[in-house]
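Asker: Sequence:
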Amino acid sequence: MADQVHINFSDVRDSHSMDYLVKGQEIIFHLAGQVNHVDSIRNPIQDLDINCRGTLVLLESCRKHNRDVKIIFAGTRGEYGSSVMLPVGEDHPTNPKGIYAVTNLTAEKMVLVYDDVHKIKGACLRITNTYGPRHQMAHDEYGVLNWFIRKAIDDEVVPVFGDGRILRDFLYVDDLVDCFLQVAICPRVYGEVFNVGSGVPISFIELAQKIAEIAGSGKVTFTEFTQERKEVEPGDYYTDISKIKRVVGWEPKTDLEQGLRKTIEFYRKYKKEYWG
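All residue numbers for the sequence shown refer to numbering that gives the first Met the number 0, where the first residue is 0 and numbers rise by one.
Simulated from the structure, these hints should not be mistaken for laboratory data.
It is possible that some hints are incorrect.
[What the hints assert, rightly or not] Per label pair, the in silico range of CB-to-CB distance:
#, residue 1, residue 2, range
1, 133, 254, 30 to 40 Å
2, 66, 35, 32 to 42 Å
3, 257, 118, 35 to 45 Å
4, 223, 1, 43 to 53 Å
5, 205, 117, 40 to 50 Å
Nothing here was measured: the structure is a model prediction, and the numbers come from that model.
Virtual Cβ for every residue (Gly too), placed ideally from N, Cα, C.
Please build the complete structure, drawing on both the sequences and the hints.
Answerer: Now the structure itself:
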């Protein structure tokens, strides 16, 4: 399959590149964006520029050069903000707690507007925390679960913020890839928003303990939230995926223990390549 993949190093904000790249495409998986929550606080203008203007540039290129394309937008569960009911369904209020989530929600609305006004088919996914092989492991700013795994593999302290009781659901990356593919070929998804997750909650302390147990190393301890993290922490969240099950027929196949074992095994094997 490698000989069928063509890589173009570009910037989603570059209209000339987007004009060229969208031509002749049947499906665009729109994953381009700034994904660091802490960076979005430190540099919100950049977040706005990449996530919102970048999405608009892409959509305009499609409007001008390929109106028949289908766009699958990768959004975030952060668009909901703090949960007022659990599990969180698509009709839950959207009240983002940080600029990162605001820009994702705005980009999502743009995709839906272009679907409605310009008839460029778009479907939007609000994705929960995703983990698995091939995630960067140099720092913890793109996802805490894989960072827990690095700390456990290195037999270091696995730091859990607060009292560790906050609930999340976690999705294995292979299941997310399968979701994207199933959504792309389903004619009923366009103009719609779907939650994507496992729907199975676990507390951070239980997660850290499970990782240390599977890895056979690492010591779980508690630590205080940094101010930056505290400001954007929404509290408990886990996903109601009944809509995507009903409309698309997708549901995750990998339970948390299976996914953790696969991920730990991968990083033990390729530690040299991923430890920065």
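Asker: Take the hints in turn and mark each one as holding or not.
Answerer: Against the structure, the hints:
Checking the proposed 30 to 40 Å range against residue 133 and residue 254 shows it is violated: the Cβ atoms sit about 20 Å from each other. Against the hinted window of 32 to 42 Å, the Cβ-Cβ separation of residue 66 and residue 35 comes to about 33 Å, which satisfies the hint. Here the CB-CB span from residue 257 to residue 118 is close to 41 Å, well matched to the stated 35 to 45 Å. At roughly 46 Å, the beta carbons of residue 223 and residue 1 sit within the given window of 43 to 53 Å.
Between residue 205 and residue 117 the beta carbon distance is about 46 Å. The supplied range of 40 to 50 Å therefore holds.
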